[in-house]
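Undergrad: Now for the letters of each chain:
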Amino acid sequence: ETGVTQTPRHLVMGMTNKKSLKCEQHLGHNAMYWYKQSAKKPLELMFVYSLEERVENNSVPSRFSPECPNSSHLFLHLHTLQPEDSALYLCASSPTNLPYEQYFGPGTRLTVT
Amino acid sequence: GESVGLHLPTLSVQEGDNSIINCAYSNSASDYFIWYKQESGKGPQFIIDIRSNMDKRQGQRVTVLLNKTVKHLSLQIAATQPGDSAVYFCAVPGRGSYKLIFGSGTRLLVRP
Numbered sequence: 001e002t003g004v005t006q007t008p009r010h011l012v013m014g015m016t017n018k019k020s021l022k023c024e025q026h027l028g029h030n031a032m033y034w035y036k037q038s039a040k041k042p043l044e045l046m047f048v049y050s051l052e053e054r055v056e057n058n059s060v061p062s063r064f065s066p067e068c069p070n071s072s073h074l075f076l077h078l079h080t081l082q083p084e085d086s087a088l089y090l091c092a093s094s095p096t097n098l099p100y101e102q103y104f105g106p107g108t109r110l111t112v113t
Numbered sequence: 001g002e003s004v005g006l007h008l009p010t011l012s013v014q015e016g017d018n019s020i021i022n023c024a025y026s027n028s029a030s031d032y033f034i035w036y037k038q039e040s041g042k043g044p045q046f047i048i049d050i051r052s053n054m055d056k057r058q059g060q061r062v063t064v065l066l067n068k069t070v071k072h073l074s075l076q077i078a079a080t081q082p083g084d085s086a087v088y089f090c091a092v093p094g095r096g097s098y099k100l101i102f103g104s105g106t107r108l109l110v111r112p
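Top to bottom, those sequences are chains L and H. Taking this note's numbering, the leading residue of the first sequence gets 1, the next gets one more, and so forth. Taking this note's numbering, the leading residue of the second sequence gets 1, the next gets one more, and so forth.
None of these hints come from the bench; they were simulated from the model. Just so you know, these numbers come straight off a predicted model, no measurement behind them. There could be a bad hint or two in this list.
What the hints assert, rightly or not - Some chain H residues well away from chain L (every beta-carbon gap over 10 Å; in silico):
{"hint": "1", "residue": "G16"}
{"hint": "2", "residue": "N22"}
{"hint": "3", "residue": "S26"}
{"hint": "4", "residue": "N27"}
{"hint": "5", "residue": "S28"}
{"hint": "6", "residue": "A29"}
{"hint": "7", "residue": "K42"}
{"hint": "8", "residue": "Q45"}
{"hint": "9", "residue": "K56"}
{"hint": "10", "residue": "G59"}
{"hint": "11", "residue": "H72"}
{"hint": "12", "residue": "A79"}
{"hint": "13", "residue": "G83"}
{"hint": "14", "residue": "S97"}
{"hint": "15", "residue": "R111"}
Said to hold, decoys possible - Here are the computed lysine-lysine pairs in the DSSO-like style, where the Cα-Cα straight-line distance is at most 30 Å:
{"hint": "16", "chain 1": "L", "residue 1": "K22", "chain 2": "H", "residue 2": "K56"}
{"hint": "17", "chain 1": "H", "residue 1": "K56", "chain 2": "L", "residue 2": "K19"}
{"hint": "18", "chain 1": "L", "residue 1": "K22", "chain 2": "H", "residue 2": "K68"}
{"hint": "19", "chain 1": "H", "residue 1": "K42", "chain 2": "L", "residue 2": "K40"}
{"hint": "20", "chain 1": "H", "residue 1": "K99", "chain 2": "L", "residue 2": "K36"}
As the list claims (entries may be wrong) - For the chain H half of the interface with chain L, some residues (derived, Cβ under 7 Å), not all of them:
{"hint": "21", "residue": "G43"}
{"hint": "22", "residue": "P44"}
{"hint": "23", "residue": "P93"}
{"hint": "24", "residue": "Y98"}
{"hint": "25", "residue": "K99"}
{"hint": "26", "residue": "F102"}
{"hint": "27", "residue": "S104"}
Idealized CB from N, CA, C, for every residue including glycine.
Working from the sequences, and respecting the hints, build out all of it.
TA: Here it is in structure tokens:
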């Protein structure tokens, strides 16, 4: 295992629901990332937190709201999603001084109905 | 902006043969390159990296070759095994300190 866990592993939600994805890392890293992985498309970086401060926000719609309460935990709050938001959402972490050595969790497979 | 492209969406090889997965990048100023492997049901896993001051780097059964002249990167897997079946991505740093630009991936299928 990579030391990065994500829950839930699968989620089906309606467009009016509110849900949250959780990520936890046990590697002592200080940077955490959310990526979206859609079929036949490259991984898309959504958000980056370094030392619990958001340092990257890649033009992500406001229906996705990240939260980083401490350096070990990262959440992605979801509300009023669209069917095209269905994808695999991956969390990753890295040391802040080695931001490109990213360790990924297994992802949450999200289906919006 | 930066872009990364992989040459083949799927590569099928016989078990025991060598595999070569190719990647092209657009930014000649890129100085660091990474290969990731993603198995079914898992997140991407770091395999090997190389800096632009090197042409070749070897790991355990894997070798990465960098040709800066043509902006081309390749991952070679020796004696391919069934456990090597996965999607392989190359990635380069993007703008900003934390951004990685990923290619679209090559799916490696290993025939028994």
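Undergrad: Indicate, hint by hint, whether the structure satisfies it.
TA: Each hint, compared with the structure:
1. G16: holds (29 Å)
2. N22: holds (16 Å)
3. S26: holds (13 Å)
4. N27: holds (15 Å)
5. S28: holds (18 Å)
6. A29: Check passes; 15 Å lies beyond 10 Å.
7. K42: violated (5 Å)
8. Q45: Given a closest Cβ separation of 7 Å, the condition is violated.
9. K56: holds (20 Å)
10. G59: It holds; G59 (chain H) is separated from chain L by about 14 Å at its closest Cβ, greater than 10 Å.
11. H72: holds (18 Å)
12. A79: holds (25 Å)
13. G83: holds (16 Å)
14. S97: With a cut-off of 10 Å, S97 (chain H) comes too close to chain L, as the shortest Cβ separation is near 6 Å.
15. R111: Holds, since 23 Å exceeds 10 Å.
16. L:K22 / H:K56: At roughly 39 Å apart (the allowed maximum being 30 Å), K56 (chain H) and K22 (chain L) break the hint.
17. H:K56 / L:K19: Outside the cut-off at roughly 46 Å; violated.
18. L:K22 / H:K68: Outside the cut-off at roughly 40 Å; violated.
19. H:K42 / L:K40: Roughly 16 Å separates the two Cα atoms, so the pair holds.
20. H:K99 / L:K36: holds (13 Å)
21. G43: holds (3 Å)
22. P44: holds (5 Å)
23. P93: Since the shortest Cβ distance to chain L is 6 Å, the answer is holds.
24. Y98: holds (4 Å)
25. K99: holds (6 Å)
26. F102: Given a least distance of 4 Å, the restraint on F102 (chain H) holds.
27. S104: At about 5 Å, which falls below the 7 Å cut-off, the nearest Cβ of chain L leaves the hint on S104 (chain H) intact, so it holds.
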